[in-house]
Amino acid sequence: MERHLVPLRNQQREQSPSPANQMQRQVQRGHSPRTVDRVDQAYPTRGDPQDHIHFKDGRHVLNQDGTWKHDGRSLSREEKKWITENNWTLPKQDEKKK
Numbered sequence: 001m002e003r004h005l006v007p008l009r010n011q012q013r014e015q016s017p018s019p020a021n022q023m024q025r026q027v028q029r030g031h032s033p034r035t036v037d038r039v040d041q042a043y044p045t046r047g048d049p050q051d052h053i054h055f056k057d058g059r060h061v062l063n064q065d066g067t068w069k070h071d072g073r074s075l076s077r078e079e080k081k082w083i084t085e086n087n088w089t090l091p092k093q094d095e096k097k098k
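full-length UniProt numbering puts the first residue of the sequence shown at 1, with every later residue one more than the last.
It should be emphasised that the hints constitute simulated quantities derived from the structure, not laboratory data. Note that this is a predicted model, so its numbers are computed, not measured. Glycine included, each C-beta is placed from N, C-alpha and C at the ideal position. Treat the hints with care, as some may be off.
Claimed, not checked - Derived Cβ-Cβ restraints for the label pairs, each shown as a range:
no., residue 1, residue 2, range
1, T45, R77, 28 to 38 Å
2, D65, N21, 14 to 24 Å
3, R46, R77, 29 to 39 Å
4, K56, E85, 29 to 39 Å
5, S76, T45, 31 to 41 Å
6, Q15, G58, 24 to 34 Å
7, E78, T45, 32 to 42 Å
Let the hints inform the model, and build the full structure from the sequences given.
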């Protein structure tokens, strides 16, 4: 089954990051890379100051600003494309490899 990424539809979204709930809907509908488990909203009182992406390996979490919550890893082309299409920041090592 081929998965399709959802294109952004207006210029305003290109300037601000997509909210976590919108990205989570993409995950639920199969419009995200298969390696993405879920996208959570920030919850500062629990120590989650930023929206973030959980990957299915269970070990890696990427914050909206491109920092890794725990250990980092290389992102696939499909992951990079989806993250940048949603106007989130890529981790430093992956910015060079776009």
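Hints, verified against the model:
{"no.": "1", "hint": "T45 - R77: 28 to 38 Å", "result": "36 Å, holds"}
{"no.": "2", "hint": "D65 - N21: 14 to 24 Å", "result": "18 Å, holds"}
{"no.": "3", "hint": "R46 - R77: 29 to 39 Å", "result": "32 Å, holds"}
{"no.": "4", "hint": "K56 - E85: 29 to 39 Å", "result": "19 Å, violated"}
{"no.": "5", "hint": "S76 - T45: 31 to 41 Å", "result": "33 Å, holds"}
{"no.": "6", "hint": "Q15 - G58: 24 to 34 Å", "result": "33 Å, holds"}
{"no.": "7", "hint": "E78 - T45: 32 to 42 Å", "result": "33 Å, holds"}
Against the hints set out earlier in the document, a violation occurs for number 4 only.
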